[in-house]
Every structure is written in C-alpha cells, then in structure tokens.
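> Sequence:
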Amino acid sequence: MQEHFEVLDIYKAIISLIAGLILGFEREMKDKSAGLKTITIICLGSTLFSIISYKLAGTGDPTRVASYIVSGIGFLGAGVIFKEGFSVYGLTTAGIIWIAAAIGMSIGFGEIYIAFTFLIAALIVIYVAKLLTKYFLAYHHNKILKFTIAQDSFALKKAILTDIKKISKVAYQIAFEKKEDVLLVTLDLHITTRQIEVLESYLINNENIESFNY
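Residue 203 in our numbering sits at position 180 of the sequence shown, and the numbers go up by one each step.
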C-alpha cells in the first residue's frame, strides 16, 4: 500500500481544495444552489477519482475510472438548471460545476499548471465578463412577450404592434393564436430596462389588452 501513497497527493488535495474554494466563493456570494461547499466538494472529488484512477491503472488505461467523472458531472449540472416562465436559470452554475470537475481532474493527474491556467481563465470569464456586460451591454434584455387582445381585430393588433415596436425598437412577431374570444400574440423583444418600464405602463393602461406576461 505504501507505493500508492505519496506526499504529492497531499499537495494535490490542498491545491484542489483551494481551487474549489475560489470557484465556489462567487456562487456562494450570489446565494446559488451550488455554492462554496458544493463546488469545493466537486473539485476535491474529481481530484480523488483521478488520483485513484491513475494509481490503480497499472499498465492499463489510467483514465478508465476518471472518465466516469464527466458522466457524473452531467447529472449534477442538469440538477441546477431550471426553467421559470420563458427564462432559463442555472446555466452559469452548471458551467462552473463542469469546469471545477475539469480543474480537479487536471490536479489529480498532476497537471497543476494546466489547472492553474484554466482556473485563471474561468475567473476572468466569471468576473470580467460581468463588468463588460454591466458597462458595455448594460441593461439589454431579450424577452418573449405574450399578451391577449380583447377583440379578434387585425387593425387593432396592427395598431398595438406598431406601438410596441416604437417602444422596444426591435420586435419580431413569433405567433398569434385565437383562443375563445381573445387573440393571443407572442413577440420576441430586444429591450432595455427603461423600455421595459414604458412597455409595462403601455400594456397596463391599454384597455384592449386583457393580460400579458414575459
């Protein structure tokens, strides 16, 4: 058993712990479902499986056990993704789970410099991309708007669509469907936060619009 134990493995565990804590900190600060503990455990677990896979392989394939990490991480990632209305949440957290496992595997196989490089790259994406979005792509949203018109009137629908396009500038009609005595219209909007406020005011005050959601 002595041949299966090396001081280097202790260093790998410590490095993996630090990497997991760094990656998980940002998710924890945002109170996400997979936070500090989850991301750290994923990173440590991936490192451990990689070490075991490498040591027990002998003359065989050293990636045999580690290859199942990728499959297992897929299930974990899927567990944090959920849909609410027309929006999908958890994709960034799922991505961080995925990169945490990859970094953990790199550490386990002794590729410390590769792990460090991709850890830095991941942190740049997490933090710098957020600043770029804030200052250069500020407050722009893609929304799927659904609203019902009290009357099945082509002229009325056209007038409302014209008003909405004046507000959002970019609006594409996806579909419209007649339901009982109302007409359901679905639009794809590219809109700013300020325009959302104006649009909501218009939709609420328009007596011909019975309901809306996005």
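Hints may contain errors.
[Claimed, not checked] Okay, the calculated beta carbon distance ranges per label pair:
#: 1; residue 1: TYR225; residue 2: ASP204; range: 18 to 26 Å
#: 2; residue 1: LEU99; residue 2: THR185; range: 25 to 33 Å
#: 3; residue 1: LEU184; residue 2: GLY102; range: 18 to 26 Å
#: 4; residue 1: SER94; residue 2: LEU114; range: 18 to 26 Å
#: 5; residue 1: TYR225; residue 2: ILE143; range: 22 to 30 Å
#: 6; residue 1: ILE104; residue 2: VAL148; range: 13 to 21 Å
#: 7; residue 1: LEU99; residue 2: THR216; range: 46 to 54 Å
#: 8; residue 1: VAL221; residue 2: ARG87; range: 54 to 62 Å
[As the list claims (entries may be wrong)] Under the rule of at most 30 Å between Cα atoms (straight-line distance), these lysine-lysine pairs were calculated in the DSSO-like manner:
#: 9; residue 1: LYS189; residue 2: LYS202
#: 10; residue 1: LYS106; residue 2: LYS153
#: 11; residue 1: LYS55; residue 2: LYS201
#: 12; residue 1: LYS153; residue 2: LYS201
#: 13; residue 1: LYS55; residue 2: LYS78
#: 14; residue 1: LYS153; residue 2: LYS180
Simulated from the structure, these hints should not be mistaken for lab results. Where is the CB? At the ideal position from N, CA and C, for every residue including glycine.
> So which of the earlier hints does this model not fit?
2, 3, 5, 7, 11, 12, 13, 14
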